[in-house]
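K.L.:
The lines below spell out each chain.
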Amino acid sequence: MRISAAQRQSYWDRGYTVIKGVFSKEETSRMIQEHEAIRLAFIKDKSIVQDSHYPLSSLYPELHETFRTNDYVFQFLTSPKYFGLVEQLLGEEALAVGTTFFFKPPGKNSFLLHQDNYDVGASPQPSCALWVSLEDTSRENGGLCFIPYSHKQGLYSSQTPAGHRYGLVSSRVPQVEEDPVLLPHGYWMEDMTTQAGDVVAFNGFVVHGSFPNNSRYQFRKAFTTHFIPRSSESVFVFNNQLVDKNGQINRLPLNRHHPLIRDLLG
Amino acid sequence: MSDSPDFRVDSIALPVRNIVKSMDWYIKHFNLKLLWVYKKYASLTANDYSAPYVTLVHIPNMEPLNLMAGHEPCPVLNFFTSDIELVHEKLRASHVPVSNIEHHENALKRCLVTDPDGNFIGISSYPE
Chain A
363 MRISAAQRQS YWDRGYTVIK GVFSKEETSR MIQEHEAIRL AFIKDKSIVQ DSHYPLSSLY
423 PELHETFRTN DYVFQFLTSP KYFGLVEQLL GEEALAVGTT FFFKPPGKNS FLLHQDNYDV
483 GASPQPSCAL WVSLEDTSRE NGGLCFIPYS HKQGLYSSQT PAGHRYGLVS SRVPQVEEDP
543 VLLPHGYWME DMTTQAGDVV AFNGFVVHGS FPNNSRYQFR KAFTTHFIPR SSESVFVFNN
603 QLVDKNGQIN RLPLNRHHPL IRDLLG
Chain B
58 MSDSPDFRVD SIALPVRNIV KSMDWYIKHF NLKLLWVYKK YASLTANDYS APYVTLVHIP
118 NMEPLNLMAG HEPCPVLNFF TSDIELVHEK LRASHVPVSN IEHHENALKR CLVTDPDGNF
178 IGISSYPE
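Sequences listed follow chains A and B, in order. Letter by letter, the first sequence follows residues 363 to 628 in the working numbering. Letter by letter, the second sequence follows residues 58 to 185 in the working numbering.
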């Protein structure tokens, strides 16, 4: 699938873009089935155990790096359809850092505003995420939200008070519609509505989060991968296990500055 | 638009060779707060998050900003503190190169430190 000039411009200008209808119903259903099978195996071997304080969400944790053990997820990750998107956006080859599968069951809390490159630590360019909507998502069932243009200033400190000119990651995702959002002047929060098969691409510096899942019975299943440009000089996580589009493992220098930067950002 | 537009100092830039080391130094010794980090830049501010902001700029081959007015060192950045003796004692204890405290007219006291890259940084104290 070709990414349009407008989509590429939105990614670089606003910090994110939506690519509609990338994956078929068959593909999204298979990804859900594979991760459900992984989850059941984890329950069986007691890697997943119910927590009485979080009786539902503890049974549906996020699943990380499933491509390393599941053939279908590996094929999905390295497919030209998926990998090709990030290379079109970045304008160069990319390396996959890691993946996460989200079940996000009803009642699951919001995901706080954050920046992905705070964890990824790619340098000098930030990471790029491709978030695949495996089911329809909206504000009601825990969809994504973004602060457009927030990627222009790099990483923000979470200690800066909400509402301050640079206090972008101190604000909160509203739990209910009426909750106020205290953002600096000139910024606003945008809801994201997606359909199964859509891909949301976003810059590792863009401030984003997700709403709580307030629906009665709808999950919000999604699969996301963090990529970095192949030209990156260093990266903080999985620097020895970076996967290219051929499925080969690549290595980059460890970003040794990043732990202190993270500490100072709070 | 007014005929007399208003201005305030928003930020000043300081050249540094190692931006992470310098961020840590200014935060540790001057209790500054980090606002953001981006590529070759890091912006710091006072404890109350008010402007002006100090932007550290990574310049590998920088020359230290140590201006001299005759024989008088002229710090490019000057911090105010209400207790210069305490600050001075802490800097000495941390092995930061710091001058003796000078006493001037109107109860002005000041001393001079050099940051990790040799930039002159002043510290002043006076009755408010």
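Hints should not be assumed to be uniformly reliable.
Sample of chain A residues facing chain B (criterion: CB under 7 Å; computed from the structure) [unchecked claim]: (1) F436; (2) S519; (3) S520; (4) L544; (5) N608; (6) N612; (7) P615; (8) H619.
Keeping only pairs whose Cα atoms sit at most 16 Å apart, straight-line, the calculated EDC-like set for lysine to aspartate or glutamate is [as the list claims (entries may be wrong)]: (9) B:K78 - A:D625; (10) B:K85 - A:D625; (11) B:K96 - A:E388.
Read the hints as simulated data drawn from the structure, not as lab findings. Just so we're clear, the structure is a prediction, and the values are computed from it rather than from any experiment. The beta-carbon is built from N, C-alpha and C at its ideal position, and this holds for glycine as well.
K.L.:
With reference to the structure, classify each hint as holding or not holding.
P.N.:
Verification of the hints:
no.	hint	verdict
1	F436	violated (33 Å)
2	S519	holds (5 Å)
3	S520	violated (10 Å)
4	L544	violated (14 Å)
5	N608	violated (30 Å)
6	N612	violated (23 Å)
7	P615	violated (15 Å)
8	H619	holds (5 Å)
9	B:K78 - A:D625	holds (13 Å)
10	B:K85 - A:D625	holds (12 Å)
11	B:K96 - A:E388	violated (42 Å)
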